[in-house]
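Peer 1: Work out the full structure: start from the sequences and follow the hints.
Residue numbers (this note's numbering), protein chains in the order written: chain A, 1 to 320; chain B, 1 to 320; chain C, 1 to 320; chain D, 1 to 320; chain E, 1 to 320; chain F, 1 to 320.
Be careful, since some hints might not be right.
Straight-line alpha carbon distances no greater than 20 Å define the calculated EDC-like cross-link-like pairs of lysine to aspartate or glutamate that follow [unchecked claim]:
(1) C:Lys171 / B:Asp178
(2) E:Lys297 / C:Asp210
(3) B:Lys80 / D:Glu63
Please keep in mind that the hints were generated in silico from the structure rather than gathered at the bench.
Each chain, letter by letter, is given below.
Number of protein chains: 6
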Amino acid sequence: MKSLYAADIHEHQLVDSYFLVSAKNHGVTKGGNSYLVLKLLDRSGEIEGRVWERADDLGRGFEKNDFVRVRGQATLYQGKLQIRVQDVMRVDEKSVAAEDYLPKSAFDPESMLEELQAILRGIKNPHLLALAEACFADQKLMELLKRAPGAKTIHHPYLSGLLEHTLSLLKLILKVVDNYRGIDVDLLLIGGFLHDIGKVYEFTFDRALDYTDEGQLLGHLVMEAEMVSQKIAAIPDFPQELAMLVKHMLVSHHGAYEFGSPKLPQTLEAVILHSLDDLDGKIQAIQSLAEKEPGSKWTAFHRAYGRSFYRGGPGEDKKE
Amino acid sequence: MKSLYAADIHEHQLVDSYFLVSAKNHGVTKGGNSYLVLKLLDRSGEIEGRVWERADDLGRGFEKNDFVRVRGQATLYQGKLQIRVQDVMRVDEKSVAAEDYLPKSAFDPESMLEELQAILRGIKNPHLLALAEACFADQKLMELLKRAPGAKTIHHPYLSGLLEHTLSLLKLILKVVDNYRGIDVDLLLIGGFLHDIGKVYEFTFDRALDYTDEGQLLGHLVMEAEMVSQKIAAIPDFPQELAMLVKHMLVSHHGAYEFGSPKLPQTLEAVILHSLDDLDGKIQAIQSLAEKEPGSKWTAFHRAYGRSFYRGGPGEDKKE
Amino acid sequence: MKSLYAADIHEHQLVDSYFLVSAKNHGVTKGGNSYLVLKLLDRSGEIEGRVWERADDLGRGFEKNDFVRVRGQATLYQGKLQIRVQDVMRVDEKSVAAEDYLPKSAFDPESMLEELQAILRGIKNPHLLALAEACFADQKLMELLKRAPGAKTIHHPYLSGLLEHTLSLLKLILKVVDNYRGIDVDLLLIGGFLHDIGKVYEFTFDRALDYTDEGQLLGHLVMEAEMVSQKIAAIPDFPQELAMLVKHMLVSHHGAYEFGSPKLPQTLEAVILHSLDDLDGKIQAIQSLAEKEPGSKWTAFHRAYGRSFYRGGPGEDKKE
Amino acid sequence: MKSLYAADIHEHQLVDSYFLVSAKNHGVTKGGNSYLVLKLLDRSGEIEGRVWERADDLGRGFEKNDFVRVRGQATLYQGKLQIRVQDVMRVDEKSVAAEDYLPKSAFDPESMLEELQAILRGIKNPHLLALAEACFADQKLMELLKRAPGAKTIHHPYLSGLLEHTLSLLKLILKVVDNYRGIDVDLLLIGGFLHDIGKVYEFTFDRALDYTDEGQLLGHLVMEAEMVSQKIAAIPDFPQELAMLVKHMLVSHHGAYEFGSPKLPQTLEAVILHSLDDLDGKIQAIQSLAEKEPGSKWTAFHRAYGRSFYRGGPGEDKKE
Amino acid sequence: MKSLYAADIHEHQLVDSYFLVSAKNHGVTKGGNSYLVLKLLDRSGEIEGRVWERADDLGRGFEKNDFVRVRGQATLYQGKLQIRVQDVMRVDEKSVAAEDYLPKSAFDPESMLEELQAILRGIKNPHLLALAEACFADQKLMELLKRAPGAKTIHHPYLSGLLEHTLSLLKLILKVVDNYRGIDVDLLLIGGFLHDIGKVYEFTFDRALDYTDEGQLLGHLVMEAEMVSQKIAAIPDFPQELAMLVKHMLVSHHGAYEFGSPKLPQTLEAVILHSLDDLDGKIQAIQSLAEKEPGSKWTAFHRAYGRSFYRGGPGEDKKE
Amino acid sequence: MKSLYAADIHEHQLVDSYFLVSAKNHGVTKGGNSYLVLKLLDRSGEIEGRVWERADDLGRGFEKNDFVRVRGQATLYQGKLQIRVQDVMRVDEKSVAAEDYLPKSAFDPESMLEELQAILRGIKNPHLLALAEACFADQKLMELLKRAPGAKTIHHPYLSGLLEHTLSLLKLILKVVDNYRGIDVDLLLIGGFLHDIGKVYEFTFDRALDYTDEGQLLGHLVMEAEMVSQKIAAIPDFPQELAMLVKHMLVSHHGAYEFGSPKLPQTLEAVILHSLDDLDGKIQAIQSLAEKEPGSKWTAFHRAYGRSFYRGGPGEDKKE
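Peer 2: Okay, structure coming up:
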């Protein structure tokens with residue numbers, strides 16, 4: 001049904017396809033005529049649509065976050081591709097496959113979840129294993145985990161991004177602990193599994209990715225500390241000290257007060273968790289940035305990291 | 001039984017009284033003889049004790065945090081009063097009244113708790129009133145609240161200091177809201193009541209005031225957010241948004257990331273709570289500092305606030 | 001004469017009213033025609049006006065900061081209301097009531113000044129009372145105080161905003177001191193009265209609110225410290241130490257070096273003054289923000305405070 | 001009368017000389033005997049004195065800030081020279097020349113003042129010249145300027161240090177303006193003359209150098225802005241804008257909020273004044289530090305600058 | 001050949017001149033027609049050009065960084081002068097004098113270089129003199145030094161700006177050292193000469209001024225430290241300690257970690273170099289800012305310094 | 001020869017062994033007798049020695065950094081073990097094995113170096129392999145690398161600590177790159193190898209570990225960037241861009257300006273290098289801290305990290 005994706009549209013092409021409307025704004029030309037500026041989303045990316053004729057009439061038929069069928073022609077406006085829209089109308093969300101319209105992980109969530117569970121089932125500490133299993137048994141949580149994004153913009157900002165990041169982090173933990181003696185790998189694995197689990201309620205991701213009110217006012221650190229306490233309370237004989245160490249990893253994993261951690265990491269495992277979480281996020285963010293606009297030696301500026309990145313590879317001798 | 005308090009001892013006085021040993025260190029004179037340096041605590045303050053003779057023998061008979069009977073004579077050492085201890089021996093804790101040995105609020109905890117409860121029972125919102133009552137009904141919590149200190153050093157650092165601060169804050173809230181329209185006074189009162197309640201588990205205060213491991217690794221903000229969630233879970237029909245607003249006040253009440261709040265205050269009530277909490281603590285701390293060493297126009301340096309305070313009153317013309 | 005206010009204009013309405021021109025810019029359409037973009041101010045707010053025809057001719061007849069009569073029709077441009085101006089011409093400032101054109105306090109300045117004077121006449125310290133009376137006797141100062149704004153943008157940014165804030169602060173002080181022993185209320189009241197008095201010369205507020213050169217180069221803290229010294233010099237037997245304490249409150253009331261206080265608050269009264277001044281400003285700013293765009297649960301972003309505020313009230317259960 | 005200076009005392013020397021007591025503390029030996037630890041000051045530096053015998057008796061005869069005659073013998077204690085005091089007694093301050101007892105500038109204050117006045121009398125702007133002359137005519141101010149220190153510890157911390165620093169700065173200004181066009185040299189000279197003038201009241205320097213209460217609560221920036229305003233008020237036709245520019249230089253000359261300037265330098269002359277003032281202070285401080293402990297290639301750690309300085313000169317080849 | 005400069009064009013003038021294209025962007029009118037927006041550069045400044053007709057055709061004939069001949073008419077658009085371009089075509093770079101098209105120093109680079117060399121040949125230390133001569137003998141370096149800019153935007157951002165700044169700094173050093181004893185003037189002169197020499201490779205300045213990749217990834221501090229090491233390595237018997245002191249000045253001359261110095265200045269000469277370098281840059285930047293838009297009393301906002309500057313001179317009495 | 005190590009000495013033991021004197025200070029008892037306080041070092045740690053008798057005589061026979069033979073008896077002084085020294089005399093350094101006297105890595109430097117070389121010889125990029133080999137061929141560099149410490153105090157502060165840290169980092173890199181696609185492992189391995197190589201000249205480690213003057217004034221980042229440039233210059237056809245990327249990793253590896261990096265990491269490999277370097281150092285530092293004072297649940301306070309660490313392991317249930 002979704003036959004043409006935003007990323008594949010080329011200049012002059014006639015378009016007849018479905019999109020998610022992520023923004024809808026009215027304008028008036030200097031000659032006094034109404035027009036509409038739309039942001040049209042699908043999983044491949046975003047394209048602007050402009051309605052120059054019958055804008056008032058067509059505009060009444062749909063709202064932001066609706067799915068629509070769009071007909072028109074692609075043209076180049078100020079160096080960017082746009083659809084000059086001839087017709088646009090709302091379609092029922094039952095008639096579309098939502099997955100076609102939101103960016104999502106390149107990996108299959110079911111497979112990732114299986115791999116993640118397999119890793120965590122290797123935990124030897126019976127209390128921590130029981131905690132992992134208690135989470136697996138929470139079907140709503142698992143369903144949300146399969147869809148939730150890793151963040152709004154900084155890293156893994158797409159459907160299933162949270163799961164992709166969590167799995168990558170667990171595999172990274174397994175490799176790193178191998179290099180050192182004396183790290184409690186079970187504790188670190190549970191910390192890796194749960195460190196961002198509160199994001200399933202911190203964000204809405206049915207349509208446009210955004211913060212929930214609770215996410216904005218409490219944050220995933222506080223939300224997941226409470227969530228994990230509830231799971232632990234239902235496990236018989238879970239040691240108090242162990243519960244404290246698990247929750248300490250969660251509330252300290254941003255690593256510094258200014259990033260919203262109310263406590264600094266104060267155990268070896270909490271220090272390692274913060275470090276590897278940060279590293280895994282940065283690698284994804286930089287690589288994703290580097291894949292865009294491949295013509296240039298420098299990426300676009302990354303606001304959160306305060307810099308551009310140089311992508312010119314060293315393997316070949318570009319300058320000589 | 002406790003006949004003589006540290007603060008009342010004067011030079012040359014013969015001392016025979018009971019103290020709590022809050023520190024016990026060994027020394028050796030340059031001539032090679034053992035001696036003991038003790039910190040002897042009672043509720044009026046602290047005095048140093050030095051055991052010059054039979055130090056090894058006497059030292060074997062008691063440890064830090066024991067109650068002891070001390071006999072000796074007060075002398076001035078380098079400008080500070082000390083007890084030159086002749087004899088010191090452990091006494092059973094059953095034979096002392098613990099309240100005599102730890103600094104405590106000038107106000108009666110029972111009366112303060114009654115006054116606090118009376119204020120909170122004026123709450124009109126039935127959900128918030130139910131939350132207050134649920135806390136009142138938790139006898140262990142109320143017992144701890146009656147004894148817990150307000151902080152380790154910064155403000156209200158004595159037994160029942162938490163209750164004294166909480167009550168003072170509630171009364172301040174009632175006055176301040178009177179000056180403005182549109183503040184949700186019920187919400188603010190609950191916030192005032194619960195903002196530091198996690199300190200009952202963040203500190204140990206049986207003997208020497210100190211942090212618990214959980215207090216150090218999680219902090220009272222996270223601890224009390226979870227504690228309040230549990231109370232709310234047991235109240236039928238407690239609105240989700242209201243629960244979120246209560247918890248937001250708790251986790252944001254330090255007002256800034258660098259003071260350990262994972263979220264900034266983002267409601268009018270959270271902003272006011274932070275401001276008044278901070279003000280009440282500062283007033284207590286400055287006044288307490290100003291009461292010491294009354295001879296000088298400047299107080300001692302306050303480390304957390306980074307300054308001394310000028311206490312020379314303006315009512316009289318001191319300089320002319 | 002001023003029959004229609006900016007805030008009351010609705011789409012399609014024919015407009016014939018008077019405004020203050022707070023900005024006047026020329027543009028040229030892509031077709032090469034001149035047009036004018038005006039900011040039209042009255043006390044209810046601001047509306048944009050666009051002159052599409054005879055722009056050069058009409059533009060020659062008035063300048064920024066003139067009062068003008070505007071005729072045209074209101075239309076919606078990109079979601080915002082504008083006046084499509086048919087005619088605009090300068091009117092003499094004598095024929096308008098300036099108060100109609102600038103945003104101002106909701107409270108009557110005369111009444112506020114009376115209430116403020118009544119509070120300050122309750123001061124018992126004869127020196128401080130004499131200082132207050134010396135200020136009241138300065139007619140130019142009192143006239144400016146009745147009109148001056150509280151700030152350019154952060155809080156109370158409208159005519160008589162300084163007086164409104166000062167009065168609110170004095171009333172807040174009276175309530176707060178009631179909760180504590182040992183505060184010098186007379187000193188605190190004088191501090192509250194004078195803490196921002198330099199703003200009467202820091203800003204121009206005849207037309208568009210802006211900084212004076214002196215305000216920008218010296219600031220109200222330094223300006224008012226000097227102003228108060230001059231008043232004090234004319235009062236016989238004013239104690240030197242008291243003068244120092246008054247001026248200390250003025251120069252320290254921003255509370256931190258980074259907010260332009262050359263000294264930190266170092267007396268109890270200076271600490272309290274800073275805290276309550278900050279709180280009163282924040283309450284006004286947040287409530288004012290919350291009154292705008294009432295449809296959303298979150299306010300617009302407040303630049304100086306670095307956040308949006310959640311305004312969803314807790315009294316009703318919005319989410320269930 | 002003052003025959004032997006602290007800096008000239010060597011080990012084993014018999015001492016009989018006069019000093020200023022800048023500290024006096026009691027101690028008790030481990031064997032229970034009283035002793036006194038004195039800081040004995042003269043203009044060459046400081047030496048510790050210890051009274052082992054008759055400490056109580058001798059101690060009753062003098063206080064801190066008294067002048068005393070000391071007899072004893074110099075010995076090396078833990079690598080530092082001390083006087084083992086046999087006798088110490090108070091002498092009347094009339095019988096000593098105060099200048100012998102406090103560190104002071106290597107330059108003659110009278111000559112420095114004359115040179116400073118000669119430079120300032122070269123000012124061409126009649127208003128600014130009149131301001132300089134008004135200061136010269138203030139005899140009390142000139143007397144204090146001749147004695148005041150440049151700072152408590154950071155730079156020029158000795159009698160007449162303020163004058164030495166001010167003169168050096170004026171001479172530096174004259175050289176620097178020569179390198180650029182378009183600097184208002186008259187304005188900059190007045191700024192250099194007055195930028196620290198408030199220090200004459202910020203410090204006490206009769207005996208031990210310390211802050212006054214007013215210095216601590218208001219600071220020299222605010223104090224001198226007011227002082228200069230008073231001088232200007234007495235000069236007929238002094239232009240308002242010029243007064244503002246002079247005062248702006250004073251209040252902004254610390255260059256940054258965190259160093260206590262309520263305003264940043266916002267004129268070319270204020271920027272230059274801050275830069276050269278800072279440079280002149282640093283050169284004096286580093287050179288003074290480098291003159292001490294000449295054996296080492298590194299100076300002692302300078303707290304305010306947060307580093308040690310390398311003093312190994314490059315003219316000779318030390319390492320090869 | 002270059003007959004008319006951007007800064008001399010006035011409204012309505014017919015233009016036929018040569019420019020460097022520093023930006024070239026496509027647009028589409030609301031009516032659907034293509035147009036071009038050009039930035040046209042010459043050494044006097046920049047002017048916008050708009051091509052409304054035959055935009056696609058004309059646009060194919062040239063690219064960014066080409067030299068072009070432009071014909072059209074100057075008009076005022078939204079208060080700014082633009083060229084309404086009738087014709088634009090590429091011209092060969094051999095037929096233009098590049099110096100006409102880039103902003104450059106008001107001083108002749110040859111004369112500046114001679115003056116700089118004369119100063120440095122006054123160095124008495126034979127090793128440092130040899131280092132200066134080694135640099136002079138590097139013809140490529142001298143050629144680049146004659147053209148390189150002082151910075152991208154902050155100060156001296158034009159051709160030969162680096163040389164102008166370096167020479168001004170050397171002359172300033174000579175004046176300042178005259179005011180103090182004990183400064184190693186030879187060392188300071190070499191530091192002044194070489195402190196920014198790495199900028200010749202940090203920037204590209206053939207056409208549009210920009211960072212090189214190496215400049216962005218290593219920075220001129222590191223680049224010049226290595227460059228100077230190579231020069232020194234070729235000088236027989238250059239003392240190791242002296243080399244270290246020279247390089248220390250280079251790597252520390254930004255004065256603080258946050259400005260990219262890996263080490264703080266730790267010698268007297270390094271402290272002075274940082275201070276005077278900073279001052280010389282600021283004077284140029286403020287004076288350059290003050291020369292623009294001469295009608296206003298305040299300059300435009302300077303981003304790097306975080307403020308506007310007041311330029312109203314004190315010599316005349318503007319306000320009375 | 002070295003029969004008894006500091007860490008093995010127990011109370012009352014008679015000591016006759018060899019130590020390195022890392023500090024030697026004179027004291028005088030209150031009774032006027034000279035004594036010596038020594039710090040006696042061997043590879044197991046440090047013990048204090050006190051010479052109460054014949055201190056002047058014995059003290060003349062040796063200096064700081066000498067090896068000495070010490071005879072005496074171990075006693076407990078204020079809770080810490082000391083040697084009450086009867087006799088102490090200098091021994092020739094040829095008669096001791098220096099390795100016995102300085103703390104050193106638990107791993108054999110020869111084996112570590114072999115393992116490190118084996119890893120680096122796996123590099124596929126011929127230029128980078130040539131760079132590694134050029135370093136291996138520098139015998140002086142390899143000798144220093146085998147002995148140099150990892151830091152003065154923060155992490156790996158012992159002989160061969162640099163090599164231990166470097167090897168651990170290379171092994172960590174090999175594991176981590178395995179978790180991601182698209183990382184240039186050769187570049188990262190060279191970065192890991194060389195990131196701290198400048199420390200071989202930043203520190204002296206013949207006797208007491210300390211900074212060299214060059215280390216203090218230039219730092220290992222700048223020193224090693226130059227060192228690596230020299231190696232590269234001798235390799236034919238080494239690509240310029242690759243050289244730049246290698247040096248970028250070196251100068252940016254501290255990760256932030258405030259830690260002395262003049263540039264932020266701006267390539268994927270530089271970001272990863274900084275992160276893993278930081279992590280490896282922290283793991284060593286925390287584990288080393290946790291091994292001391294094993295009785296307590298909390299480690300000593302770590303100054304550089306600003307916290308203590310909780311070492312109570314979760315594997316067993318300590319609190320229940």
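Peer 1: Determine for every hint whether it applies to the structure shown.
Peer 2: Evaluated hints:
no. : hint                : in the structure
1   : C:Lys171 / B:Asp178 : holds (10 Å)
2   : E:Lys297 / C:Asp210 : holds (14 Å)
3   : B:Lys80 / D:Glu63   : holds (18 Å)
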